[in-house]
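Number of protein chains: 2
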Amino acid sequence: MISGKIRKMMESSSFIRKMFETGARLKLEYGEDNVFDFSLGNPAMDPPGTFTETLLEKAADLHMHRYMPNAGYVDVRKKIADYISSEQETKITENNVVMTSGAGGALNTVLKTLINSGDKVIASIPCFMEYKFYCDNHGGELELVKGKSDFNLDINAIETAITKETAAVIINSPNNPSGRIYPQETIDNLALMLERKSNETGRTIYLISDEPYRKIVYDNLTVPQVMDAYKNSIICTSYSKDLSIPGERIGWLTVNPEAEDYTNLINGIILCNRILGFVNAPALMQRTIAELQGVSVDIDLYRRKRDYLAKKLAEFGYKFRVPEGTFYFFVEAPEGDDMKIVDMLQKERILVVPGRGFSLPGYFRIAYCVEDSVIEGSMTGFERTARKSGLKQDEK
Amino acid sequence: MISGKIRKMMESSSFIRKMFETGARLKLEYGEDNVFDFSLGNPAMDPPGTFTETLLEKAADLHMHRYMPNAGYVDVRKKIADYISSEQETKITENNVVMTSGAGGALNTVLKTLINSGDKVIASIPCFMEYKFYCDNHGGELELVKGKSDFNLDINAIETAITKETAAVIINSPNNPSGRIYPQETIDNLALMLERKSNETGRTIYLISDEPYRKIVYDNLTVPQVMDAYKNSIICTSYSKDLSIPGERIGWLTVNPEAEDYTNLINGIILCNRILGFVNAPALMQRTIAELQGVSVDIDLYRRKRDYLAKKLAEFGYKFRVPEGTFYFFVEAPEGDDMKIVDMLQKERILVVPGRGFSLPGYFRIAYCVEDSVIEGSMTGFERTARKSGLKQDEK
Numbered sequence: 255m256i257s258g259k260i261r262k263m264m265e266s267s268s269f270i271r272k273m274f275e276t277g278a279r280l281k282l283e284y285g286e287d288n289v290f291d292f293s294l295g296n297p298a299m300d301p302p303g304t305f306t307e308t309l310l311e312k313a314a315d316l317h318m319h320r321y322m323p324n325a326g327y328v329d330v331r332k333k334i335a336d337y338i339s340s341e342q343e344t345k346i347t348e349n350n351v352v353m354t355s356g357a358g359g360a361l362n363t364v365l366k367t368l369i370n371s372g373d374k375v376i377a378s379i380p381c382f383m384e385y386k387f388y389c390d391n392h393g394g395e396l397e398l399v400k401g402k403s404d405f406n407l408d409i410n411a412i413e414t415a416i417t418k419e420t421a422a423v424i425i426n427s428p429n430n431p432s433g434r435i436y437p438q439e440t441i442d443n444l445a446l447m448l449e450r451k452s453n454e455t456g457r458t459i460y461l462i463s464d465e466p467y468r469k470i471v472y473d474n475l476t477v478p479q480v481m482d483a484y485k486n487s488i489i490c491t492s493y494s495k496d497l498s499i500p501g502e503r504i505g506w507l508t509v510n511p512e513a514e515d516y517t518n519l520i521n522g523i524i525l526c527n528r529i530l531g532f533v534n535a536p537a538l539m540q541r542t543i544a545e546l547q548g549v550s551v552d553i554d555l556y557r558r559k560r561d562y563l564a565k566k567l568a569e570f571g572y573k574f575r576v577p578e579g580t581f582y583f584f585v586e587a588p589e590g591d592d593m594k595i596v597d598m599l600q601k602e603r604i605l606v607v608p609g610r611g612f613s614l615p616g617y618f619r620i621a622y623c624v625e626d627s628v629i630e631g632s633m634t635g636f637e638r639t640a641r642k643s644g645l646k647q648d649e650k
Numbered sequence: 255m256i257s258g259k260i261r262k263m264m265e266s267s268s269f270i271r272k273m274f275e276t277g278a279r280l281k282l283e284y285g286e287d288n289v290f291d292f293s294l295g296n297p298a299m300d301p302p303g304t305f306t307e308t309l310l311e312k313a314a315d316l317h318m319h320r321y322m323p324n325a326g327y328v329d330v331r332k333k334i335a336d337y338i339s340s341e342q343e344t345k346i347t348e349n350n351v352v353m354t355s356g357a358g359g360a361l362n363t364v365l366k367t368l369i370n371s372g373d374k375v376i377a378s379i380p381c382f383m384e385y386k387f388y389c390d391n392h393g394g395e396l397e398l399v400k401g402k403s404d405f406n407l408d409i410n411a412i413e414t415a416i417t418k419e420t421a422a423v424i425i426n427s428p429n430n431p432s433g434r435i436y437p438q439e440t441i442d443n444l445a446l447m448l449e450r451k452s453n454e455t456g457r458t459i460y461l462i463s464d465e466p467y468r469k470i471v472y473d474n475l476t477v478p479q480v481m482d483a484y485k486n487s488i489i490c491t492s493y494s495k496d497l498s499i500p501g502e503r504i505g506w507l508t509v510n511p512e513a514e515d516y517t518n519l520i521n522g523i524i525l526c527n528r529i530l531g532f533v534n535a536p537a538l539m540q541r542t543i544a545e546l547q548g549v550s551v552d553i554d555l556y557r558r559k560r561d562y563l564a565k566k567l568a569e570f571g572y573k574f575r576v577p578e579g580t581f582y583f584f585v586e587a588p589e590g591d592d593m594k595i596v597d598m599l600q601k602e603r604i605l606v607v608p609g610r611g612f613s614l615p616g617y618f619r620i621a622y623c624v625e626d627s628v629i630e631g632s633m634t635g636f637e638r639t640a641r642k643s644g645l646k647q648d649e650k
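Chains A and B, in that order, give the protein sequences. As numbered in my numbering, residues 255 to 650 make up the first sequence, in order. As numbered in my numbering, residues 255 to 650 make up the second sequence, in order.
Derived by calculation from the structure, the hints in this document are not laboratory data. Some hints here could point you the wrong way.
Which copy? The list can't say, so a pair holds if one copy fits it or any two copies do.
Cut-off 27 Å, straight-line C-alpha distance, at most; resulting in silico cross-link-like pairs (DSSO-like, lysine-lysine) [stated by the list, open to error]:
| hint | residue 1 | residue 2 |
| --- | --- | --- |
| 1 | K272 | K332 |
| 2 | K642 | K345 |
| 3 | K262 | K386 |
| 4 | K374 | K262 |
| 5 | K332 | K281 |
| 6 | K485 | K259 |
| 7 | K374 | K386 |
| 8 | K281 | K333 |
| 9 | K332 | K559 |
| 10 | K601 | K272 |
| 11 | K451 | K259 |
Looking at chain A on its own, in the form it has when it is part of the complex (with noise of 0.2 Å):
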C-alpha cells in the first residue's frame, strides 16, 4: 500500500536493522553498562558550558520563536558569514548564507536544487551512505567511486566517473568513517580537474563539502579551505558534532559569491529550504549557535581517546591508518570479511558497523564518541577477538 521503494528501501537495509536489533537485545540481556557500543556518531559528551549559558540566556526572551525569512535571521547569518569569511579566505556575507537543520537539511536543499531528474552526483569511497538517499530523494543517483588505500580522493577516478549528467560532487573532510582530512593539494587538484571537465562536458560541476568533522582534528592540522580552491563551491555543515548537540538540527550552508548562476542557486536553496517543509532553521538554536562562533568540546578529550585506541588496538594486532579528525576509527576487518569480525565483537558485547555500511567492506568503524569507560570495558573483547582472529602474536 505504501510507496513500492520505500518498501524496497527498507528491506534493503535489513542489515543495518539487524545489527540493531542484535545490539538492543544484548543491552536488554547484559545491561547497558555490559555492551560497549561504538556504533553511532552520536557524542556522549557534554555540549560546552558555554552553550547551556547561551541557550539559557536566549531561551528567556520571548520573542524569539516566530517565522523568519527562509534563510535565517540576518543578524545570525552575519555572524557566521565573518566566522567563514575568517576560515576559508574567501569574504562571505549573510546573504550568501542559509541557515539549515543540521547538515542532513542543508545537503538536501542543496542537492534539489541542483539535480535534475536523472542527474549523477559522484561520492568518494569509503562515504557516509546517507548521501544515497539524499540524491534519490531528487530524482539523482550516487555515483560511487573508488577512493585511494590511504583514503585519499583519486581524483583520476572521479574524472573518469564525470558525464554530462554529472550535478556535482560531494567530498567529506574529515571523512566518516575513515577519520582522513583531504589535504590542500588534493582539493587544488581536484578543483583543477572540476574546472576542466565543466568546460569539456559544458556543464558546471559544483562541489558540496561536507565539512561537520571540521573543528575535530588533530595534531595540530587544519582542513584545507575549498572556497578559494574552486568557485563553484558550496559547503554544507552542522554544530552536531563540535558542540555535541546532534538532537537539535542546527546547521547552516553557504553558497561560493563567485559561483557560476549564483542568483538562481542561492534563491533556489531558499525556495527548497521551504518547500521541502523545513521552512527555517529552528529559530532559538540559530539565536544560541551564533554567539558560539569558533566554540566546541575540547578535542583534546577526543585526542586522549583516539590516542588510547591507537595504541592498545595496535597492540593486539589491528590495522589501520591513525585518523587524523572525527572520532572514527576505520580498520581493516581480518581476512576482509568485515560481517565476519562485527559478529565476532558482538560476541564480546561489542558494536561496530562494516565497512559495507560505507560502501568499503573489508573494514569495520568504531565510533569512539564515548565515555573512556566504554573504550576501557572494550578492550579485552578487542583482544580475544584479534586473537582468534589470528592477528595478535603470542607473548611479543
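Once you have looked at the hints, place chain B on chain A.
Leaving out everything else, chain B in the frame of chain A:
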C-alpha cells in the same frame, strides 16, 4: 545551471515575490509601524508563560541534545499519544506517533512514504498551496477539486476525481484560508466514500488530516475527529500556531493503528523522516512541548480580534463567512478581482494575500494574528477601499 524545475518554480511564484517586494518597499518608505501587514500566518502573540518556564527548565539539563530514535523520544511520544487518545476517541500509543519538524516536515514525510511516481493526491479548494510542492517533491501531483460555496468539502467532487492513481486525500480543518471547520457529518460522509472508492479501485486511499489550527476555534465549537471515522487516517500537526512558536519547527504525526499496511506505513514514515534530512524533530522542543499537552495561547484574544474585524468589515460592506477557527478571514474580492483589491489595499499600506494564492481567485485573505494596533490602524484604509470599490453605502 540549477535544476530546470526549481528555476521554473521560482519564475511561477513571481506574483508572491512581487507582493513581498512591495511590502518591503512600503515598510522602508513609511516605517514598519505604518504598514498593516496581514499577509502571513506568523503569530505576533507571545507563547504562553508556561512554555517559556518549561523551556528554561529543560534547557538547563545538559544531557538532552543527543540523537534519539528517529521517531522521537519514547516518553515524549507517550505523553502525546495519551493526549491524542483523549481527543480522537481512538486508542493511540507511543508506537503510533512520530515527532516531526512541524506539520511541513510531517506532511513531507508521510507523502514520501505513500507516493509512487505519478500518483495523485487530492485537496479541496481553497487550500494551503505548499501542498502542491510537498506532493511534487516526491514525484506525485496535487489534484485540486472545487469546494462548496460555504467552503465545506464537496464529497461528490472529490469522488469524481478519484482514480487508481489516487494515493491520498489531504484535508485541513479548521481551514487555511477559509477558517471553515468541516462538520462531523462531512467527515463521516468523506470516510464512507473513501472506503467505497478504495474497494472500487482496489487501492487504499489514505486520509491525511492537517490540523495545526485544531485548538484555534471559537463559539464552543470543536473540530470533529477523523481517526474513529476512517481507519486509513494519518494526522499531521504542529505547535506553531497554538503555542505561537512557528520558528521552532516542532510537530508530530500519528498513524491510525487500524490502517491498512500499518507496519510498513509507520516504519516507512520513520525511515523517510530520517532520509529526507529531518533525522529527528529538534530535541529540546520535543522535551518542552511534552509537558504542554492541551496548553495554548489565549484563544479569546483571537476571538476578540475576529469579532471586531467581522463587525467592521461587514459595516464597510465586505462580504465574507465568519471564520469558525484559525486566524484568517477569507473575504470576497469586489467584482471578483483579487489582484485589484490587493493592489488597492496596498495603496492604503495594507498587505493581504490574493485568493489565487490558495487556488481561489475572487477572494483575499486577512491573517489577523497581529497586534490590535495593526487591526485598528488599518480600518480607515479598509473603509476607504470599500467605498472606492462601490461596496460601502453612503450614509446609512
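Now the hints, each set against the structure:
| no. | hint | in the structure |
| --- | --- | --- |
| 1 | K272 with K332 | between (45 Å within a copy, 25 Å between copies) |
| 2 | K642 with K345 | neither (55 Å within a copy, 51 Å between copies) |
| 3 | K262 with K386 | both (14 Å within a copy, 26 Å between copies) |
| 4 | K374 with K262 | both (21 Å within a copy, 21 Å between copies) |
| 5 | K332 with K281 | between (46 Å within a copy, 22 Å between copies) |
| 6 | K485 with K259 | between (36 Å within a copy, 24 Å between copies) |
| 7 | K374 with K386 | both (11 Å within a copy, 26 Å between copies) |
| 8 | K281 with K333 | between (43 Å within a copy, 25 Å between copies) |
| 9 | K332 with K559 | neither (35 Å within a copy, 37 Å between copies) |
| 10 | K601 with K272 | within (14 Å within a copy, 64 Å between copies) |
| 11 | K451 with K259 | between (33 Å within a copy, 24 Å between copies) |
Going through the hint list in order, the structure does not satisfy hints 2 and 9.
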